Amino acid sequence: MKRSAQVPVLFGAKASAISTGSGPRPDVAKAIPAGLKTLLLSTLEWFGELGEFCARLVKAMVTPPYEGRELLRQMDEVGAKSLPLVAMAGAAIGVVLSMHTRDSMAQFGAKSLLPQLIILSLVKETGPIITALVVSGRVGAGIGAELGSMKVTEQIDAIEASAVNPYKFLVATRVLACMLMLPLLTIAADFCGIVTGWIANALVEPMSLRFFLNQGLAQANLADFLPSTFKTVVFGFIIGVIGCFQGMNARGGTAGVGRASTSAVVLASLFVILADVVLVRLIITLFPQ
Amino acid sequence: MTMTKQDDNKPAIRLHRLSKTFGDQKVLDRLDLEIYCGETVTVLGRSGTGKSVMLKLIIGLQQPDDGEIEIDGEKMAALSLDDLNRVRKKVGFLFQQAALYDSLTVEENVAFPLRRHTAMTDDQRQARVRELLARVQMEEAVDKMPGDLSGGMKKRVGLARALALDPEIMLLDEPTAGLDPITASEINELIRELQNERHMSSIVVTHDMRSVEKVADRVALLNEGRIFFEGTLREMIASDDPFVAKFIEASGEVK
Numbered sequence: 203m204k205r206s207a208q209v210p211v212l213f214g215a216k217a218s219a220i221s222t223g224s225g226p227r228p229d230v231a232k233a234i235p236a237g238l239k240t241l242l243l244s245t246l247e248w249f250g251e252l253g254e255f256c257a258r259l260v261k262a263m264v265t266p267p268y269e270g271r272e273l274l275r276q277m278d279e280v281g282a283k284s285l286p287l288v289a290m291a292g293a294a295i296g297v298v299l300s301m302h303t304r305d306s307m308a309q310f311g312a313k314s315l316l317p318q319l320i321i322l323s324l325v326k327e328t329g330p331i332i333t334a335l336v337v338s339g340r341v342g343a344g345i346g347a348e349l350g351s352m353k354v355t356e357q358i359d360a361i362e363a364s365a366v367n368p369y370k371f372l373v374a375t376r377v378l379a380c381m382l383m384l385p386l387l388t389i390a391a392d393f394c395g396i397v398t399g400w401i402a403n404a405l406v407e408p409m410s411l412r413f414f415l416n417q418g419l420a421q422a423n424l425a426d427f428l429p430s431t432f433k434t435v436v437f438g439f440i441i442g443v444i445g446c447f448q449g450m451n452a453r454g455g456t457a458g459v460g461r462a463s464t465s466a467v468v469l470a471s472l473f474v475i476l477a478d479v480v481l482v483r484l485i486i487t488l489f490p491q
Numbered sequence: 019m020t021m022t023k024q025d026d027n028k029p030a031i032r033l034h035r036l037s038k039t040f041g042d043q044k045v046l047d048r049l050d051l052e053i054y055c056g057e058t059v060t061v062l063g064r065s066g067t068g069k070s071v072m073l074k075l076i077i078g079l080q081q082p083d084d085g086e087i088e089i090d091g092e093k094m095a096a097l098s099l100d101d102l103n104r105v106r107k108k109v110g111f112l113f114q115q116a117a118l119y120d121s122l123t124v125e126e127n128v129a130f131p132l133r134r135h136t137a138m139t140d141d142q143r144q145a146r147v148r149e150l151l152a153r154v155q156m157e158e159a160v161d162k163m164p165g166d167l168s169g170g171m172k173k174r175v176g177l178a179r180a181l182a183l184d185p186e187i188m189l190l191d192e193p194t195a196g197l198d199p200i201t202a203s204e205i206n207e208l209i210r211e212l213q214n215e216r217h218m219s220s221i222v223v224t225h226d227m228r229s230v231e232k233v234a235d236r237v238a239l240l241n242e243g244r245i246f247f248e249g250t251l252r253e254m255i256a257s258d259d260p261f262v263a264k265f266i267e268a269s270g271e272v273k
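Residue numbers (the numbering used here), protein chains in the order written: chain X, 203 to 491; chain V, 19 to 273.
Simulated from the structure, these hints should not be mistaken for lab results.
Remember, it's a predicted structure, so these values are computed and weren't measured experimentally.
Take the hints with a grain of salt, since some may be wrong.
Not close to chain V: a few residues of chain X, all C-beta gaps over 12 angstroms, as computed [said to hold, decoys possible]:
hint : residue
1    : P267
2    : F310
3    : L386
4    : L419
5    : F427
6    : T431
7    : I475
8    : L476
Restraint-style ranges between C-beta atoms, simulated for each label pair [as the list claims (entries may be wrong)]:
hint : chain 1 : residue 1 : chain 2 : residue 2 : range
9    : X       : L428      : V       : E157      : 51 to 57 angstroms
10   : V       : E86       : X       : A257      : 26 to 32 angstroms
11   : X       : A257      : V       : E92       : 25 to 31 angstroms
12   : X       : E327      : V       : D100      : 45 to 51 angstroms
13   : V       : E157      : X       : L243      : 51 to 57 angstroms
14   : X       : K283      : V       : Q142      : 30 to 36 angstroms
15   : V       : S65       : X       : K283      : 39 to 45 angstroms
16   : X       : M263      : V       : Q142      : 25 to 31 angstroms
17   : V       : D120      : X       : E247      : 28 to 34 angstroms
18   : X       : L243      : V       : N214      : 52 to 58 angstroms
If you only want the chain V side, here are some residues facing chain X, beta carbon under 7 angstroms, derived [claimed, not checked]:
hint : residue
19   : I77
20   : L79
21   : Q81
22   : R106
23   : K108
24   : F111
25   : F113
26   : A117
27   : Y119
28   : P131
29   : R134
Cβ atoms here follow ideal geometry from the backbone N, Cα and C, with glycine treated the same way.
Next up, chain X with everything else stripped away, as it sits in the complex (with noise of 0.2 angstroms):
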């Protein structure tokens, strides 16, 4: 594939196009502009290739065979191994909640609707965002770094040598494996994140986790937890396209596995976040209060 899609252009890697080095001063109304053309050049054709990159995927996803093995391996790498750092996430967000909010809710005499504020916000919005950020920092750096090295040691033209897809085989099983596991992680979480809220609430004003629980839930109902939910499928999606999307197109050694892992995960942070911000207001519109 082409050099852009290795070195997206959101790290300056084009930054040579403005920089001018020790010669005569240049002309910066000319250079910003053509700095500009290159950056913008740059940055579409990392999603056309990203697109045609999608197009493969979907059509390998879809088509049999189906590569059965290799993706309940991946949801074990995914999934199961995930778990105990989305657990220790979620829990650490339930305890830092309840400490930061207490003081101020009995402030405006609202003490009572702690338990509601802590599990309102840690399953509508604390717990998917968390999860998906832990999850690209771990599995988008994996990702990146496995399919980073195998490009290089040539193990991709080898698959394909083998006759087989290896967007099937390397890039499908990892994009399901993250859109299957990243709501059940989700869900851990926030379970966690509650019990620990539960707990530190419970530490300095005494209640049972069902009092807790039937005051946090006592103006809730499904569309406050499941489009929240649900929508950690689409960062799963976007954590597994970019991190085998930057490892199979990494080039130059090891230095190139180390860039596909670095800018998986700055890449799919940063992406998940965008799309969470457009989700929600999907959320609100389509499931108005």
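Given chain X's structure and the hints, the job is docking chain V onto it.
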């Protein structure tokens, strides 16, 4: 010898005016080469002259800028992906660094093409993998991971994987590169034995003149993107062309 194989007049692989450029560098420039059924051609040349690129073009891992590639009379450029994969199943490819799949065991590596392209049961597949590994004297490594193998062992497992689908054609990219002389000699011996057993048509890209002595029916010397010399090793040694003579002299190993 060579003559009988060429007299069959049926090229297993035919490269016609093949060109490939990377950036400003023209790697292959209207290269012509034919490999006849059952013969082994070693391709020699200085580093960076496009020998490995030529192998990747043949199997369709890269696309030529110009020219034609035919395998068993089928033009590669005209094939759909399904047909390209059908042709690829006839070709075994040993990569320079063996390119074993890091996340799979030796057994799973060799079983990889079998699992996807044959209707074998688990028992049949396992028996076939053991048979292939025994052929390359690697049966004891069946449960090892590629990271635990030495360079020579990786090459042997790579050979077993390349042989899994009983290919008619073998492409070997520097099979002895980076190996000690004894292991290199064993690998050369193994390649020769496999050629004798299976009568495959092969291209062996190498820098190792001992490899040429051991396995080649014919030698092709690549220079400046084209086949500069083509003939038997004896003819190559006898050549009075300054470049060929310099190449032979620099290798300093041929008797």
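Verification of the hints:
1. P267: violated (7 angstroms)
2. F310: holds (54 angstroms)
3. L386: holds (23 angstroms)
4. L419: Consistent with the label, L419(X) stays out of reach of chain V, its closest Cβ about 43 angstroms off (over 12 angstroms).
5. F427: holds (36 angstroms)
6. T431: Consistent with the label, T431(X) stays out of reach of chain V, its closest Cβ about 31 angstroms off (over 12 angstroms).
7. I475: The claim stands: I475(X) keeps its Cβ more than 12 angstroms from every Cβ of chain V (closest is about 30 angstroms).
8. L476: At roughly 32 angstroms from the nearest Cβ of chain V, L476(X) sits farther out than 12 angstroms, so the non-interface label holds.
9. L428(X) <-> E157(V): 51 to 57 angstroms: Cβ of L428(X) to Cβ of E157(V): about 54 angstroms, so the range 51 to 57 angstroms holds.
10. E86(V) <-> A257(X): 26 to 32 angstroms: Holds, at about 29 angstroms.
11. A257(X) <-> E92(V): 25 to 31 angstroms: holds (27 angstroms)
12. E327(X) <-> D100(V): 45 to 51 angstroms: Once the Cβ atoms are compared, 46 angstroms apart, the range 45 to 51 angstroms for D100(V) and E327(X) holds.
13. E157(V) <-> L243(X): 51 to 57 angstroms: holds (55 angstroms)
14. K283(X) <-> Q142(V): 30 to 36 angstroms: holds (33 angstroms)
15. S65(V) <-> K283(X): 39 to 45 angstroms: With a Cβ separation near 42 angstroms, S65(V) and K283(X) satisfy 39 to 45 angstroms, so the hint holds.
16. M263(X) <-> Q142(V): 25 to 31 angstroms: Taking Cβ atoms as reference, M263(X) and Q142(V) lie about 30 angstroms apart, which means the hint holds.
17. D120(V) <-> E247(X): 28 to 34 angstroms: holds (31 angstroms)
18. L243(X) <-> N214(V): 52 to 58 angstroms: Because 56 angstroms falls inside the window, the suggested range holds.
19. I77: This interface hint holds because 5 angstroms falls under the 7 angstroms limit.
20. L79: holds (5 angstroms)
21. Q81: violated (12 angstroms)
22. R106: holds (4 angstroms)
23. K108: With a minimum Cβ separation of about 9 angstroms from chain X (threshold 7 angstroms), the hint on K108(V) is violated.
24. F111: holds (4 angstroms)
25. F113: holds (5 angstroms)
26. A117: holds (4 angstroms)
27. Y119: Where the cut-off is 7 angstroms and the nearest Cβ of chain X is about 6 angstroms from Y119(V), the hint holds.
28. P131: OK, holds: P131(V) within 7 angstroms of chain X, min 5 angstroms.
29. R134: holds (5 angstroms)
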